[in-house]
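Protein chains: 2
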Amino acid sequence: MTQRPLMSEDEARLTAKGRATRARIVQAAADLMFERGVAGTSTEDVRESAGVSNSQLYHYFNDKNRLVRAVIVHQTQQVLDAQQPLLGRLDSFGALEAWRDLLIDLQQQRDCRGGCPIGSLAGELADADEEARKLLVTGFARWESAIRDGLASMRDRGELRPDADPDQLALVALTALQGGLLLTETRRDVAPLRAGLNAAIAYIRSHAA
Amino acid sequence: MTQRPLMSEDEARLTAKGRATRARIVQAAADLMFERGVAGTSTEDVRESAGVSNSQLYHYFNDKNRLVRAVIVHQTQQVLDAQQPLLGRLDSFGALEAWRDLLIDLQQQRDCRGGCPIGSLAGELADADEEARKLLVTGFARWESAIRDGLASMRDRGELRPDADPDQLALVALTALQGGLLLTETRRDVAPLRAGLNAAIAYIRSHAA
Numbered sequence: 001m002t003q004r005p006l007m008s009e010d011e012a013r014l015t016a017k018g019r020a021t022r023a024r025i026v027q028a029a030a031d032l033m034f035e036r037g038v039a040g041t042s043t044e045d046v047r048e049s050a051g052v053s054n055s056q057l058y059h060y061f062n063d064k065n066r067l068v069r070a071v072i073v074h075q076t077q078q079v080l081d082a083q084q085p086l087l088g089r090l091d092s093f094g095a096l097e098a099w100r101d102l103l104i105d106l107q108q109q110r111d112c113r114g115g116c117p118i119g120s121l122a123g124e125l126a127d128a129d130e131e132a133r134k135l136l137v138t139g140f141a142r143w144e145s146a147i148r149d150g151l152a153s154m155r156d157r158g159e160l161r162p163d164a165d166p167d168q169l170a171l172v173a174l175t176a177l178q179g180g181l182l183l184t185e186t187r188r189d190v191a192p193l194r195a196g197l198n199a200a201i202a203y204i205r206s207h208a209a
Numbered sequence: 001m002t003q004r005p006l007m008s009e010d011e012a013r014l015t016a017k018g019r020a021t022r023a024r025i026v027q028a029a030a031d032l033m034f035e036r037g038v039a040g041t042s043t044e045d046v047r048e049s050a051g052v053s054n055s056q057l058y059h060y061f062n063d064k065n066r067l068v069r070a071v072i073v074h075q076t077q078q079v080l081d082a083q084q085p086l087l088g089r090l091d092s093f094g095a096l097e098a099w100r101d102l103l104i105d106l107q108q109q110r111d112c113r114g115g116c117p118i119g120s121l122a123g124e125l126a127d128a129d130e131e132a133r134k135l136l137v138t139g140f141a142r143w144e145s146a147i148r149d150g151l152a153s154m155r156d157r158g159e160l161r162p163d164a165d166p167d168q169l170a171l172v173a174l175t176a177l178q179g180g181l182l183l184t185e186t187r188r189d190v191a192p193l194r195a196g197l198n199a200a201i202a203y204i205r206s207h208a209a
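Chains as they are written, first to last, in full-length UniProt numbering: chain A, 1 to 209; chain B, 1 to 209.
Next up, chain A with everything else stripped away, as it sits in the complex:
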């Protein structure tokens, strides 16, 4: 579920050196957009930060929308990778609690700044850019299905009741996580993230066999 996706067509036609340059541009854009938002980041900012020329930038991304889309795909992968190996194996209450602790830790490490890299992009782009919105839906779906896979294992092993719905439970967990991250960013305090995830885990536990 969280394995690295196949290269996009754009990437596949590049040489190794071209892919490295493209990756440097996307990384620079992702960092700037995480810090300042998409609207607050110009392609000129990205060009400067990545240390590439105008024609190089244009060669890889002929408009800002294409760059934004590459950033969404990149940030989705980063977010999922940062939760590994736990996210790939959320198949016990112990694993769910360790995952909660990891998510809280990650926020504390960055002083509760920035919120969720995918959630922030969603808040800014969902209504403004339909192509971006679809990529964000896909990103959230990858995250949700990684959670769901672990819960489905728990049900299959009889730890959750047969009527527990892993899809619904995973959606509840992702909802708590997104709301928790937004309130944690606003309050600069992990209490909302902790409260939301604790409640989500308690809700999952209420479906234990």
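These are calculated hints, taken from the structure and not from any lab test. All residues carry an ideal CB built from backbone N, CA and C; glycine is no exception. A hint or two may mislead.
[Unchecked claim] Covered stretches of chain B, going by a simulated chain A footprint (3 or more residues, C-beta under 8 angstroms):
hint, stretch
1, 31–40
2, 92–105
3, 109–118
4, 163–177
[As the list claims (entries may be wrong)] Pairs of lysine to aspartate or glutamate residues, derived as EDC-like cross-links and limited to a Cα-Cα distance of at most 20 angstroms, are as follows:
hint, chain 1, residue 1, chain 2, residue 2
5, A, K134, B, D63
6, B, K134, A, D81
7, B, K134, A, D111
8, A, K134, B, D111
Let chain A serve as the given structure and place chain B on it in line with the hints.
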């Protein structure tokens, strides 16, 4: 808790006509920023949409930051008012369920667009503008404490157990609501909002006496 706050000092020193002009500017700014984001809204856009001159706009708001802050206060009041009278009396499971249905309805009425007016501002401003962040914290706190007051009544009447913590439960509800609204906006589907609020209500119910 959700009563209209006292006028700000800025408002108090204005004539009735001045207050109406100021309100028209804030409403225009709030609408534009809800639709396009703060970064995507220029003071020129606001000036045009409100039908005021440059010097009038400058008279009330001498920079965009002041206007943004007035928009946060305005949107907080709008969001709380839109949930009345239910939000002022969330003191039974029936009321909590009616509130959930109202929130889902409101999203359906706007085709799941826009997300939460406060949450969207928080996602865009929390890291960028410390003064705005504090106003957003206050806005969320007003919302949270309206939820908490109802839950505290339920505990005082013995419907929730004495060890139920209305502060924590209200924070869980607000977290589920914010995550649900963000995912609902992204997916254009109320399923995440419904799942999050249902789980939050079930979690509150698990504290029933």
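For each hint, the structure was consulted:
| no. | hint | in the structure |
| --- | --- | --- |
| 1 | 31–40 | holds (count 5) |
| 2 | 92–105 | violated (count 0) |
| 3 | 109–118 | holds (count 3) |
| 4 | 163–177 | holds (count 7) |
| 5 | A:K134 / B:D63 | violated, 36 angstroms |
| 6 | B:K134 / A:D81 | violated, 32 angstroms |
| 7 | B:K134 / A:D111 | holds, 16 angstroms |
| 8 | A:K134 / B:D111 | holds, 16 angstroms |
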